[in-house]
Every structure is written in structure tokens, then in C-alpha cells.
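2 protein chains.
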Amino acid sequence: MFRTHTNGELSLKNLNEEVTLSGWVQTIRDKGFMIWIDLRDRYGITQLVFDQDRSSAALLENAKKLGREFVIQVTGKVIERASKNPKIPTGEIEILVSNLKVLNSAQLPPFTIEDETDGGEELRMKYRYLDIRRNPVREKLIFRHEMAQKIRNYLSNEGFIEVETPVLIKSTPEGARDFVVPSRMNPGQFYALPQSPQTFKQLLMVGGMDRYFQIVKCFRDEDLRADRQPEFTQIDCEMAFVEQEDIMQTFEGLTRHLLKEVTGKEFEKFPRMTFADAMQKYGNDKPDIRFDMVFHELNDLVKGKGFKIFDEAELVVGINVKGCASYTRKQIDELTEWIKRPQIGANGMVWIKYLDDGSVSSSVNKFYNEDDLKKITREFGAKPGDLILILCGNKIKVRPQLSALRMELGNRLGLRKGNEFAPLWVIDFPLLEWDEELQRYHAMHHPFTSPKPEDIHLLKDEAGKARANAYDLVMNGNEIGGGSIRIFDKELQAQLFKLLGFTTEEAENQFGFLMNAFKYGAPPHGGIAFGFDRLVAILDGNEIIRDYIAFPKNNSGRDVMIDAPASIAKEQLDELEIAIKINE
Amino acid sequence: MFRTHTNGELSLKNLNEEVTLSGWVQTIRDKGFMIWIDLRDRYGITQLVFDQDRSSAALLENAKKLGREFVIQVTGKVIERASKNPKIPTGEIEILVSNLKVLNSAQLPPFTIEDETDGGEELRMKYRYLDIRRNPVREKLIFRHEMAQKIRNYLSNEGFIEVETPVLIKSTPEGARDFVVPSRMNPGQFYALPQSPQTFKQLLMVGGMDRYFQIVKCFRDEDLRADRQPEFTQIDCEMAFVEQEDIMQTFEGLTRHLLKEVTGKEFEKFPRMTFADAMQKYGNDKPDIRFDMVFHELNDLVKGKGFKIFDEAELVVGINVKGCASYTRKQIDELTEWIKRPQIGANGMVWIKYLDDGSVSSSVNKFYNEDDLKKITREFGAKPGDLILILCGNKIKVRPQLSALRMELGNRLGLRKGNEFAPLWVIDFPLLEWDEELQRYHAMHHPFTSPKPEDIHLLKDEAGKARANAYDLVMNGNEIGGGSIRIFDKELQAQLFKLLGFTTEEAENQFGFLMNAFKYGAPPHGGIAFGFDRLVAILDGNEIIRDYIAFPKNNSGRDVMIDAPASIAKEQLDELEIAIKINE
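Going down the list, the protein sequences come from chains A and B. Read in order, the letters of the first sequence correspond to residues 1 to 584 in this note's numbering. Read in order, the letters of the second sequence correspond to residues 1 to 584 in this note's numbering.
Isolated chain A, as found in the complex:
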């Protein structure tokens, strides 16, 4: 037996017991006549002691030969520590070692196995198995496991059945790019890896499963942006005989349960905001409502005063940055430069300082008098000491710009607290988006998303105004889940396809399979999918999803640890009857 206890469980209760422990050598303090070793495993750290009075010379000698990260097994007696460490559960005891066995030696790791390591990102990814030895990394993976367990148990108790849908499926032309898998048994043909189990979960509803969920790997061959992974995990759910409200209630219940488990607090009913409001007040369909700094539209107050830039703008809109009137010229210039960066793309920024003495100063004093400016401060409900920042331009551009500024200031001012959670439903999404380039509508969610019943009449002449039975669950400025009620009426679906520019034949070709299934009695149904990697990160007060993936890929889709993807043998290509093209 390699151990009688783990390194996290011994205390004064075990005094004088003879125990056997195994683990990694975390630190060695060699005082010559005495040696202390911190022995580490997943469960904690236990201090070992060797000394020349109580240990044999040979044992002391062997202990001196140990190095960091050696794997050892020791037997010894639990004794009370002279200098106790109240920070760890085992801090009151140590093990007077009587027997030491080196189970495995270790090369010096390329970075320190400490909570704060000296290893850079690339190095830690290459030696991810060593990075996982560090507490913060391991704890994130354990947190992920715990969340998955809680989700599964909650949904199972709610009558959901986890059904495994296939990974080797069929490529579809819509959506993002598929990863494909050549079939050796069907040469010239390919499977595709699922971007989501959308079709299968709808088929399970047709099949009467009633309540389905799955925590499932999905795949998208996209050009990777920062913190996007080609394979990611989704909590995929679908329910039959439901309306939008049923789904929102059910998954608000799940989310509230998780928040309770994480924070210990009961959360109130989640607030709801229409897509239109979210865009108008936060410039964003996933607003972080942990902090205020709401948009105020200023067209009425600023136009017609001779300031051409405002006069010509479609929208003049600003935020009140509370308590920041003391920003220096330099600070404001830096913010201005920040929003003019190509990623944000604003042309400039107007500021109004509501000074502590009650006076008002601004970068547009030339055009607006004290009274004009006071009116603006009143619009924001500003108080002395507040700073108002204003952008202008086309709605479609200026809102995301001001949203980016708002989020940046939220970060800088410490308003986006990791241990605060602000869930929010965003509802009433537009059903369709007009594609200028193709001069046709495309589906904002997907082609099966149902319009709101009261908006169906709009499809005929004002389809762009129709709202969808679609909903996103937002937390702390991130979309953590989204879904919709599906169309289950054949005629409505046909009308939608027509709006989306499909001929009957095209619709048949692309969606015929699911449409065909719907002919055999499809129940009303709808669902939601959560990005599990992101949900876990956010619930843990973090935003970097890569930290919550055991073996993540880098921004080029590479696993630098195992060095994948890689070349394969010519025999493999031959068997698959494919060839790598030499690009001309």
C-alpha cells in the first residue's frame, strides 16, 4: 500500500500514529542536522522531518539526496510541530520519518510548481502536465468537475435525460466551418464534427424524449480569436410542449442553483431586458449590469448649437463616469487615444467635467455654454465630481464604441468584481437581420427560430421588425447561454425559408431531412445551450476560458504539448484515398 493517508488529512487527532504517505517533494529545507520536506499531493501538504538525533544517519543522508518534484513514499510517526502553520489543515503536525523510499526521481521542472510560478504561458502549455500540479490550475479543473456534477444532478432531478448524440455526423452548409473526417469505408465521403447537436436534439423532441440535455463537446473550424477554442463544451438542452417562459424559468432555476452553490446566496428573479433596450442603454446585447454607467442619448440637447460633428451625427450618446472629474488632461487624452485605436475605431471623444465647486468645464466650451452643459449633466443625474464622456456617429458604430469604453472604464475603476454576479435575460431579439451585401435577410439565431406569435403578421411586409422567441442569458457582460423556441408549423417554416431567400428546392436540400422528420408529428419545442467553458470561468470569478480546459489549444489551433496537428503516414492517406494538395 502506497499510503495510509493523503497529505491533506492528518492533524493532532492522529498524534503518535504511524502513517505512510506518498507524494511529490514540494520544498526541502536542509539545516544540516535537520531536514524538513513539504510533501505534496492533490489533497494538501504535510511536513516531513528528519533529524540527526531521531533519524538514522543513512536516512538523513538519503533525505539529503532528494530533489524538488521527486516522488517519494515515507513511513513515520505523527508528531506535534514546534512552529505551527495555521494556514494549512495539517499545519499543527509533522511526520518524523522512519522510512523513506524514492518512488521516482525527477528532473528539475522547467518552471516552479508554485501558486505563483515563474513559467510563461507558452512554457506552461508545453508542460501542461506540470502546470496542472500547481494549485490554482488544479483547483480550476476540480471546480469545473463540480459544476458539471451539479448541473447533471440538477437537470436529472428536473426530469431531463442526458442523451449522447453522435460526433461523426454530416457537414451542413450553414453556420461556421465544419471540421471534417474522411471515411475510409466510404471513400470520397466525409463525416463532419458537430458544431452543436441542434438537429439531433430537435429529433429527440420529435422522438418524444420530452426533456433532453447533454454536456457535450462541439467543434468549430473558425479562425481563432483570443480565447476561442476549436473544441469547446456546451450544455445543450431541449424541451417539448413548452413556451419561452417555461424554458426561461427552468434554466433560470438551474443558474440560480449554481449561483447559490458558488456564493451561498439566494438570487432574486433575474432581471429581463429587451434587445432594443440593451442596445440603447449599453450598446451591447450582453450588458454587464454589475455597474451602472448607462448610456444617455443626447441628440435633443446637443444638436443645433453649431457643433458640426454633433449636428451631423446620427447619434450623440454619453456615459457618466462617476467621481472622475479629477481626471487630468493626460488621463483623458490617453482614454481618447484608447477609443481611437483601430479595434475600437472612434473618431474622438467629448468630455464634460462637473467640478467639485459646481462649475462645469468641457472640451466643447466653444459651442456649449454653462447652461447647455448643465442640462446635459442633469440628463445624466450627474453630481459634482462626475465626468461625462460623449461619443457620436452612426448608431451601428457608436454604440459598440461607447460600450467598449464603458467596459474598459468598468475594469479600470474596479467595478467588474469577480465575486459579484449579475445575471440578466436579454429577450425580444430581432428574428431577422438584413444582409446589405446579399440584399436579403438572414436568421439572427437560426432558421428554425420562431417569431413571437404577435409579430407573425409583420412577416408579410415588415419582416425586419418581427421579434423572435429567442433569449440570451447574460452574466457579468458575457453571454453564457442562448436559445429559442423552434418553429414547428410547416407553413410558418416555409414562409421563413422564403424570407431567407431559399427556393423550395434549396430549403428541401438543406433542411429537408429535419423537415421530413417534422411531418410525422413534431411537438412544440425549444431549447437553450450554455457555453460550459465560459459559464465555469465566470462562476469562478474569471473570464479566461482556457484556464478551465485541461488541455487547451493555442490561438493557431495547436496543442503545443502533444504537438498536434501533425503529419500522418502516407499509408494512412492512401487508405483514406485522399491526397495533400501542393499549392500552386
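Since copy identity is lost for identical chains, a pair holds within one copy or between any two.
Subject to a maximum C-alpha distance of 20 Å in a straight line, what follows is the list of computed EDC-like cross-link-like pairs (lysine to aspartate or glutamate): (1) Lys286 - Glu252; (2) Lys65 - Asp489; (3) Lys217 - Glu231; (4) Lys465 - Glu454; (5) Lys581 - Glu571; (6) Lys570 - Glu506; (7) Lys303 - Glu370; (8) Lys101 - Glu243; (9) Lys269 - Glu243; (10) Lys374 - Asp356; (11) Lys101 - Glu491; (12) Lys570 - Glu222.
None of these hints come from the bench; they were simulated from the model.
Assemble chain B onto chain A, guided by the hints.
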């Protein structure tokens, strides 16, 4: 709201309540003046009634237009049934419908949605979403879900952490054929889909995760045999600081827990059998010990009596088929033909009947007198009425042949009962198998499997005799799990690679990555993997794993429902920089 109750929950307790139900029309009995409809959903069946005295004419008329599998919503009053059906929970009540809404019409399904359907396998696979509506199919999927939940909860309580390992990994030359995925971002390179997370779980042990599990999809591009799936699900587990006994105890605990949940019975400690014994007594490394019919080797009793076929055979071995001495000549001839089929390949079969009157008769009376035959019956402990069947040949051939005969008789005689469970550990597998063709050893389990410590000395000169720290968990004649203790000692690993015919360079190339990780302090570790699809089937008293997969593929690896694999667009191939070869 589509329903106030499901179709499985109403009873006399709900008498006179007004309820709303939704579901599929299972059956319609139209008596003209009265119509009864069975309404079905996942939860059960509720009888609806329309009649000309109590329902409006219009309602009755609408009910008459319904067809099988229509999706409807009804509102009505719960009333007591005149003729009760004690077989279903809702059998004492029916709903007097006051309102009927057709949610969706349905074409007549291509097969009946009944427990016993008229649909053939192919048709049911093509319309799998309709097949899933049938109780036996849906119940199997729900059973699978329940088993997965129980396994996850059990292992989590035992301190195991579920870690998701990547699906897009790297192709390795050993093992079965990999499915590969061309990488668009790394042209000419490929990911591979994992045959198992073996490397990653060992890395997690190096990373100190201590106890890992995962219920995970794995992939093998094999030529499919009956009931083999290219994608299958594994319960993958690994533990650090353990010996073989620790792993066996832990996973016997899991299996015993599942058996308790399924049968309600406590199971004793599982019996153990060495590989050598299993082969000798059952001709098979996964014996079904629900029934006896153990092999007896007869060389000592039958040789030297002038029967050349026995005299020249390496092994003469038989079984006692209890109570079957009354088999007719025709029956025995049929069995003889059965074992002579190419799949079995025996040359013939000798029989001895121990007749009810105490006399003995056989197909080899010419060579063996009554006394010789009696000795044989005594060897088997046979009783009057028993039938002894004997095969002969090379050990390596005759044992599987007799094993096949034993299993066939077990099936025919009803000895393999679906509701009986006989778990068994098979241990002490040989470490190596001699490959006649390549004239070298290959690893019976995998190259990281540890030899038994007491057999390490054999590696030098008698490596073929060394036993492995490997173990299979067998149930009812099926291997449901298997695993091993891994080598974590660098020198022992090097010795093994040498035995397996790898040069240092080859070993470095093929396994260098894992070996490198082992340099940084690998703990002793080992694991096990269960075939989840099979485990579920067996626990449900079945053996056909395809029935427990929601959307299985056929024997050509095709999903006939979605028609995958399929051709992909030329643009997709171009982006991936691959081409389909035209075979010359």
C-alpha cells in the same frame, strides 16, 4: 401553457379536476357516438373520451379527423373510467374532453409505434426519431442515462474528478486505425480522434490529479463487425499511488453499486480467475460463469486406445451437457454441423451418452469399451441422463471451438439468463504475446503495462512466461472492463521496449512524449476502462449495444438516418488543401 400534467400522472386523486394534456395520438377507437383516444407522451398514456351526449357535435367531429401520431392538446375533466385498466397507472381515469387543439398533424409513420413494431431494423434506423417514440427504445436510453448518472455520482463521491480530455489529438502508429481530421489552419497536417484518452489520463496522473475519470466518446476506424460502432463510449479511469488490488477494490465497488441499483441485491465479493484457468476451464478469457459446463481435459483417459484422431491431437477436451442424453441423432448431427461451420471450424465432435438406465453409449464405441467410457463420465461427475461432448485438436484452436459450443448450448438451454449477473475478475494475463509472423513479442495490453513484480526476473530469459499486472472485469461472458498497472520505472520501461523490438530511437519517436513527461516525477499509477455501451446493455439484461445508442451507425459505419458520411463541397476540400484521389 401546453399542459398542466403529463400523461403518466393522473389518477382517481385528480377526480373532477380540469386538466390540460398534450401528446401524441397512440390509438383511436371510434364507436360513432363515442371516441376513445390514447394520448401518449414520455411519461405514459392517458385515455381521452369524446361522446355525443357530453361533447359538442363540433368537438366530436374534430376528434374524428385525428390520425395516429397527431400531436394534440386537450382540456377536460378527470372522470372515473367505466372499464378500468389495472396495467397502467392512469388506468382508473379518463379525460372527458371539452377542448381539442391539433398542434401538429402527422403522416402515417412507416412502422407502428408500438412495443412490438412491424418495422424492420433498416427502416427503424432510417426513422430512428420515430423508433425512439416506442417504449422499449426510449426506456433503454433512459436506463443508459440513469446508469451514467449513478456512475458519475459514485465516482465523484469516491474522490474521482471528471476531466475532459481533448478530442482533436495526434495520430499514433500503434493500436487500431485512427480517424483523422485535416487541419485548415495547419495545411497538410491532421488531428486524430482518440481511440482512448490513455496518454492524457497518464499525464493527469503525472500532473497529480490522483483520481481521474471520464465518460467519454472514443473512436476506432476498424472494419466493423456486427454490433461494433466506430464511435463508442468509455468509462475511463486512472488512479495514482495504487497497486492492482486498490484498483480492483475500487471498481468492484462501483460495479457492485450498479448491480445493487439494478437488481436490488447485494453482491458478494467477485470471484477471481487467472487467465490460464479461464482458458483451460472455459476456453475463453471472458467466461460466462452463470452456468457450469466446465471443460475437462481428457488426454490421460482417451489416448492410446487406437483412436488415431484423439491420439494425434494435442488436446482432447469435453463438456458435460447435463440432462441432454436424450438428444436424438438428428439433434446431435445438427450440433456437429454447427461446430463445423467455418466460423467455428471444428473437424468433428465425439459424444458420450450416459443413459438413464446407467449404460453408456458413444460415437466411438469402436475404440472405447464401457469401462473406458465410464471413466470419462466419472471425470465429469456425470449422472444418468447427461451428454458429454468432446472435441480435439491444437489447444489454440480447440479451446475457442469448445467455448463457442458451450456458449451456444448455454443459449439453447436457457442457461444464460438476462436477469442473472455473474461478475468475474480475470487476472494474471500474460504480459507479452509471441507474434509468429514478426518473430517478436507484442504487448498483450499495451506497452506501458507493468509485469507482476515477482515475474520481472523472467523478462531476461523467459519473457513469454511473465504475467502482467492486468485485469479484466467480465460479466455474463462479456468483457465489460479492463486495465492495468502502468510501468513508471524508466529502466523497466526501457527493458520492455527492447523486448517489444523497439530500438531506443524508435521508442523515443513513438512514445518519447509520454516518456519525457515521466522524467519529471511520475507517481505509480494504473487504471481501468469500461465499455459503457456494453456495460449498460448487460446491466439491462441485454447484449446488443446498438439498442443503447441513441443514433447508432450501421455495419458500414453509416448513419442511415442523416445519410452520413457524405460528399462535401469542393470549396471545403480546397480550404483544407486536400483532394480525393481517383483510384487507378
